[in-house]
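Novice: Taken in order, these protein sequences are the chains called Z and E. The first sequence lines up with residues 1 to 297 when you count with my numbering. The second sequence lines up with residues 1001 to 1136 when you count with my numbering.
In short, the hints are calculated from the structure, not lab data. Possibly wrong hints are sitting among the right ones.
[Claimed, not checked] Chain E stretches covered by chain Z per the calculated footprint, using a threshold of three residues with CB under 8 angstroms from any CB of chain Z: (1) 1014-1025; (2) 1035-1045; (3) 1051-1059.
[As the list claims (entries may be wrong)] Derived, one-sided and incomplete: chain Z residues facing chain E with beta-carbon distance under 10 angstroms: (4) R163; (5) A173; (6) K218; (7) R271; (8) T279; (9) D282.
[As the list claims (entries may be wrong)] Ranges of calculated distance between the beta carbons of each label pair, as one might list FRET restraints: (10) Z/A114 - E/R1133: 54 to 64 angstroms; (11) Z/S289 - E/T1006: 24 to 34 angstroms; (12) Z/R263 - E/E1132: 36 to 46 angstroms; (13) E/P1129 - Z/N2: 57 to 67 angstroms; (14) Z/A66 - E/R1104: 51 to 61 angstroms; (15) Z/A83 - E/A1033: 46 to 56 angstroms; (16) E/E1105 - Z/T212: 26 to 36 angstroms; (17) E/T1031 - Z/Q54: 49 to 59 angstroms.
C-beta atoms are modelled at their ideal positions from N, C-alpha and C, and glycine is treated no differently.
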Amino acid sequence: MNAIDIAHLTKRYGAQLAVDDLSLDVSAGSVCGLLGPNGAGKSTTFKCLLALAQPTSGTIAVDGAAVTPKTFEYLAYVPELSALYENFTVGQHLEVTRRSFRTFDPARAAELAATFKLDSKKRIGKLSKGQRTAVALVLAFAIRPRVLVLDEPASGLDPIFQRAVLDLIIDAAAGGAAVLFSSHQIGQVERAADSIAVLRGGRLVLRGDIDTLKGDEKVVEAIFSSDAPSVNGLASDARVRRVERNGRILRLHVRSDADGVAREIQALDPRTVDVLDLTLEDIFLGAVSDDAVSGGA
Amino acid sequence: MSALFTVDPRSGVPLYLQLIEQVKRAVALGTMAPGEQLPTVKALALDLTINPNTVARAYRELERDRVIETSPGRGSFVRTDGAPTEARRAGTDVAEGVLDAAVREARALGIDAAVVTTLFERALARWFPPEERDST
Chain Z
1 MNAIDIAHLT KRYGAQLAVD DLSLDVSAGS VCGLLGPNGA GKSTTFKCLL ALAQPTSGTI
61 AVDGAAVTPK TFEYLAYVPE LSALYENFTV GQHLEVTRRS FRTFDPARAA ELAATFKLDS
121 KKRIGKLSKG QRTAVALVLA FAIRPRVLVL DEPASGLDPI FQRAVLDLII DAAAGGAAVL
181 FSSHQIGQVE RAADSIAVLR GGRLVLRGDI DTLKGDEKVV EAIFSSDAPS VNGLASDARV
241 RRVERNGRIL RLHVRSDADG VAREIQALDP RTVDVLDLTL EDIFLGAVSD DAVSGGA
Chain E
1001 MSALFTVDPR SGVPLYLQLI EQVKRAVALG TMAPGEQLPT VKALALDLTI NPNTVARAYR
1061 ELERDRVIET SPGRGSFVRT DGAPTEARRA GTDVAEGVLD AAVREARALG IDAAVVTTLF
1121 ERALARWFPP EERDST
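Whole structure, please, built from the sequences with the hints as guidance.
Specialist: What follows is the structure in structure tokens.
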């Protein structure tokens, strides 16, 4: 049983298909970074997961059961733009949350508010965007949630507070919580997350453990003395994502067995063959690029 | 502890492999002595700001490689039965890989074997002075 289990989720808004047959699970103690360009379906996925929107089809389970009011005793959600009690002070807002959540830990809330240097007497309506994000994070983490859903949790925060958010995610995961968070900042994802899910046009185009992806996804680059040979056989090979030929240079983006592919290229007598590592950003951009080959995720 | 290990999350090299290499290096060099306790998974994850499962994966591999041992409830320790030897053996693998890449690169540049040998001898003389070599 996974902490978060999304199976064949589809969400249509009229003629528009926002999420298309998405299956995604996150287990307790692990952190999944949800990546994708704007409009890829990340926020819609969160809304369906949180029962804020009704899926067109598919099922959602948290801790093995459908989302009910009881789920929110241990599930925390930080939306990209939080709806807060504008006319209350930070302290009053914490008080509202304490009264609403049995699991709210006031000592933890005070500690978190201090981490983000929040002034408890300041009115919510007067806070900056980053301070509002910090309030939403304090409220979320103060219930010591087992499941965390965070939509761009570090947006508007300075680098020091962004690092504090990563620490909170890491601390929660080390304590056994499951975390699903979206971010446009790949640097945050490659630190805090152990796996990624990449959405494009509502579809899951890449899913995997980050270290495994970095170990498997490579570029095999060969330079020939004259025009690079066409390697039609390799273009349809399951190990190869795509082939680029540019004059004397041949580049193969591979999803596995880079050394084996490199040996096969070596047999074509190039001047040099190299196996190049890809950063997570390269892997992400490859997955959402227009010429990305589908499948294999 | 962060002085002992550094990792680069932006690199294309998997983080757990970077961490394994760092720990093995510290053990081989003696910066971490046999019997010494390693940080907990959570402490090291927070210290390096990386995912705890990544640290746990590195520790599991280090246990399998007989460099560290973990006893439930007590923590992880550098093994007292030959951890530096195991770590140095891993160091030999790393060195072989680096040398292999260098020789491959030299060949790709059209340098012939005799010249590669001369270059190797020159590097050897620079880093292993003859007066040191007798004692090793």
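Novice: Cut-off 8 angstroms, C-beta pairs, minimum 3 residues; does the coverage of the segment 1051-1059 of chain E by chain Z stand?
Specialist: Per the Cβ count (5), the hint holds.
Novice: Minimum Cβ distance from Z/A173 to chain E below 10 angstroms?
Specialist: Result: holds, 5 angstroms to nearest chain E Cβ.
Novice: I want to verify a distance hint. Is the separation of the beta carbons of E/T1031 and Z/Q54 within 49 to 59 angstroms?
Specialist: holds, 57 angstroms
Novice: Lying within 36 to 46 angstroms: is that true of the beta-carbon distance Z/R263 to E/E1132?
Specialist: Cβ of Z/R263 to Cβ of E/E1132: about 39 angstroms, so the range 36 to 46 angstroms holds.
Novice: I want to verify a distance hint. Is the separation of the beta carbons of Z/A66 and E/R1104 within 51 to 61 angstroms?
Specialist: Since the Cβ atoms of Z/A66 and E/R1104 sit about 57 angstroms apart, the hinted range of 51 to 61 angstroms holds.
Novice: Does the CB of Z/T279 sit less than 10 angstroms away from some CB of chain E?
Specialist: holds, 5 angstroms
Novice: How about the segment 1014-1025 of chain E: do at least three of its residues have a C-beta closer than 8 angstroms to a C-beta of chain Z?
Specialist: Holds: 4 residues of the segment 1014-1025 of chain E have a Cβ under 8 angstroms from chain Z.
Novice: Between E/P1129 and Z/N2, does the beta-carbon spacing fit 57 to 67 angstroms?
Specialist: holds, 59 angstroms
Novice: 26 to 36 angstroms was suggested as the range; check whether the CB atoms of E/E1105 and Z/T212 agree with it.
Specialist: Cβ of E/E1105 to Cβ of Z/T212: about 28 angstroms, so the range 26 to 36 angstroms holds.
Novice: Interface hint check: Z/K218, Cβ to nearest Cβ on chain E, cutoff 10 angstroms. Holds or violated?
Specialist: Since the shortest Cβ distance to chain E is 8 angstroms, the answer is holds.
Novice: Answer holds if the nearest beta-carbon of chain E is closer than 10 angstroms to that of Z/R163; otherwise answer violated.
Specialist: Interface hint status for Z/R163: holds (6 angstroms vs cutoff 10 angstroms).
Novice: Given the hint of 24 to 34 angstroms, check if Z/S289 and E/T1006 actually sit that far apart at their C-beta atoms.
Specialist: Roughly 32 angstroms apart at Cβ, these two residues keep to the hinted range, so it holds.
Hint violations for this structure: none, all hints satisfied.
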